[in-house]
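Please put together the full structure from these sequences, using the hints given.
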Amino acid sequence: MPTPIITLKHVSRTFRVKRHLIKAVDDVSLSIGEGEIVCLVGESGCGKTTTGKMIAGLLAPSAGTIEFCDQAINQMARAAFRKYRLGVQMVHQDPYASLNPTQTIYDIIAAPLRHHKFTRAGADTRARARELLTLVDMTPPDDFLDKFPHQLSGGQRQRVSIARALTVNPSFIVADEAVSMVDVSIRIGLLNLLTRFRDQLGMSFLFITHDLALAKFFAWEGRIGVMYLGRLVELAPARDLIARPQHPYTQVLLSALPEADPQVTRNKPRIELRSMDVPSLMRLPTGCAFHPRCSKFIGNVCERVVPELTAAHGAHVACHLIKPGP
Amino acid sequence: MTPTLSIQNLTIEYAVRRGAVQAVRNISFDIRRGEVLSLIGESGSGKTTFGLGVMRLLPTMARVRQGSLLYRRDAASDALEVLKLNDAALRAFRWKHVAMVFQSALNSFNPVLRISDQFADTAHAHGYLRGNLLAARAAQLFTLVRLDPERVWRAFPHELSGGMRQRVMIALALLLEPQLLILDEPTTALDVLTQRNIIDVLKELRHKLNFALLFISHDLSLAADLADRVATMYAGKLVEIGDVFTIFQSPRHPYTTGLIRAVPTLTSDRKDLTSIPGSPPDLIDLPSGCKFHPRCPLASARCKSEEPELEDAAAGHQVACWNWRAI
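Residue numbers (my numbering), protein chains in the order written: chain H, 2 to 327; chain R, 44 to 370.
It is possible that part of the hints are untrue.
Result set (SDA-like, lysine to any residue): computed pairs, CA atoms no more than 20 Å apart in a straight line [unchecked claim]:
no. : chain 1 : residue 1 : chain 2 : residue 2
1   : H       : 148       : R       : 328
2   : R       : 347       : R       : 326
3   : R       : 139       : R       : 129
4   : H       : 269       : R       : 243
5   : H       : 54        : H       : 73
6   : R       : 246       : H       : 258
7   : H       : 269       : R       : 328
Listed below are several chain R residues computed to face chain H (Cβ distance under 7 Å; list not exhaustive) [stated by the list, open to error]:
no. : residue
8   : 219
9   : 264
10  : 302
11  : 326
Sample of chain H residues lacking proximity to chain R, with all beta carbon distances greater than 12 Å (derived) [what the hints assert, rightly or not]:
no. : residue
12  : 24
13  : 85
14  : 172
15  : 263
16  : 266
Worth flagging that the hints you see were computed from the coordinates, not collected in a lab.
Everything numeric in this text was worked out from a predicted model, so none of it was measured.
Glycine is no exception: its CB is placed at the ideal position from the N, C-alpha and C atoms.
Now the structure itself:
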């Protein structure tokens, strides 16, 4: 187990919507090590983005603690907190909305460099900006530095977004659906770029996506966590999770996913759900939140007891049907 | 058998400040009776413009430069030139013959009208059933798309989930028994399980009602799951068309090949996947010759100067590439 960079201990987050309390994230524990890639997958509203935002420090947990290099972030001294804020950066989903349209690429990259005093003189900043653009394969960098975001393609904008995150030398990047708005023909290129940072700079990633096939590709040697209605229901090495899913929800997701091969996709065994309706976060089912839809529902215990995430067959699964074991 | 829609030499352009941009360039193909044809391509490839062109719903800055769209409701009826319909004929044509479902179902409904009123509006505009007869017909359609008629009929759009709204939209599109249904990215905003449900509903519907389906999507896996034939668009041009199994197992166009290799699947090995280098072209400033040549691994001198047209690679499989034999 590599040294953990980010550790979540029983983290929950509730939001108040009118008079209701909504549990967006409920009791999530997870540790991500140096140079590790963890993908969080799940449907909209499952809490994956909220989890990412809490790790990046953009939202505070309502309960539980998040640790950066073994120190709880809400108890950090000023210097340590600054180190954490620089150490964890976020790449957002929409490269059309996350870059200021009135600034040139140079301005966008120079701002954090100057603000955090990574560079001093203008020439220094420009040289560093060139280096960063080269790092994200935007070469020659001088072709791009004085352009505005609207002059770039979606893929190039996302590269600028990544370069901006790299300005402060982070050790951990939270990427929230970072390639879902980029053309399919160039997604793999972007993910390979991120993998290269992992290999060369030892960077760790939390990659949030709804696409399991993409998660398998990017996590490969890392892990995938599946979330359902605020809870982590399965956490396993990426290829194991895809090949041998244990939680009934993971199994349903995998069986429902169409695949880019007509032979494979038309012959996939299908798992039927007991109900198509996704429960509202305002009225979560008792016990296991998946029980009203679960095809393997076994009655009483599912309705009453919330299953804990427990070690089972090389993974961690939260389901009453799964016998704990190595 | 005569096709439902025969598209010939269709070119659509947009007037922009810097000149005219051709979003659809000289496209010809047939949509056969009762088939599912999936049109795939990346953003900006012209697939949505093409769909809107067939419905004659193009924005005012766009115009059809040339071409013809011949529609036949059934083998016995006369061909209708869609591009020559006047306003009244066009209003009758849409929905009754060709209907379209858009990406965002929420934006397609009037938020202050109940579903029943939205059905009544459509029925009224086309002099179709009303009252209890309409309600009965709608109930029949709701059952087909696996919705509970009781729950949906008197509901407002915001009371339904995304997947339910999309299914109501499909039911509404089928109200007047169109022979061609165009779906533009109908599941993009939906979750995996909801998407699966919609795909299954569509498969069931086409077998029961036997209409042709033009399915516009950037998602190869949906095409693989649903389509009988697949057509690939790149920079406004149709570059390959063929049977779904042929296209996925032995594609002949380097762009289709590249696209299939760029999409990870649950079963694919990591090292089999590669991006297509470069990025999709700027339509205002298109490359010379074959528009794919700057990104193409097979590009030769001829590709830079001459643009290839579709030719037969095998029976029912056409490709627009000078070097398709090399793939």
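Between residue 139 of chain R and residue 129 of chain R, does the CA-CA distance stay at or below 20 Å? With a Cα-Cα distance of about 16 Å, the restraint between residue 139 of chain R and residue 129 of chain R holds, given a limit of 20 Å.
Please settle this one: residue 266 of chain H was flagged as non-interface, so is its CB more than 12 Å from every CB on chain R? Label violated. Min Cβ-Cβ 5 Å, cutoff 12 Å.
For the pair supplied as a hint, residue 148 of chain H and residue 328 of chain R, is the alpha-carbon distance within the 20 Å limit? Cα-Cα ~17 Å, so holds.
The output says residue 172 of chain H does not contact chain R. Does that hold with a beta carbon cutoff of 12 Å? holds (24 Å)
Interface exclusion of residue 24 of chain H relative to chain R, criterion Cβ beyond 12 Å: Non-interface label on residue 24 of chain H holds, nearest chain R Cβ at 19 Å vs cutoff 12 Å.
Going by Cβ atoms, does residue 263 of chain H stay more than 12 Å from chain R at every point? The claim is violated: residue 263 of chain H sits with its nearest Cβ about 4 Å from chain R, within 12 Å.
Please verify whether residue 347 of chain R and residue 326 of chain R have alpha carbons no more than 20 Å apart. holds (17 Å)
Pair hint residue 246 of chain R and residue 258 of chain H, alpha-carbon separation not exceeding 20 Å: holds (15 Å)
Does the interface hint hold: is residue 326 of chain R within less than 7 Å of chain H, judged Cβ to Cβ? violated (12 Å)
Is the nearest Cβ of chain R still more than 12 Å from the Cβ of residue 85 of chain H? Since the minimum Cβ distance to chain R is about 32 Å, residue 85 of chain H lies beyond 12 Å and the statement holds.
Go through the hint on residue 302 of chain R and say holds or violated, using the shortest Cβ distance to chain H against 7 Å. holds (6 Å)
Decide if the proposed pair is consistent with the structure: residue 269 of chain H and residue 328 of chain R, CA atoms, cutoff 20 Å inclusive. Not OK: residue 269 of chain H and residue 328 of chain R at ~43 Å, beyond 20 Å, violated.
Hint compliance for this structure: hints 7, 8, 11, 15 and 16 are broken, all remaining hints hold.
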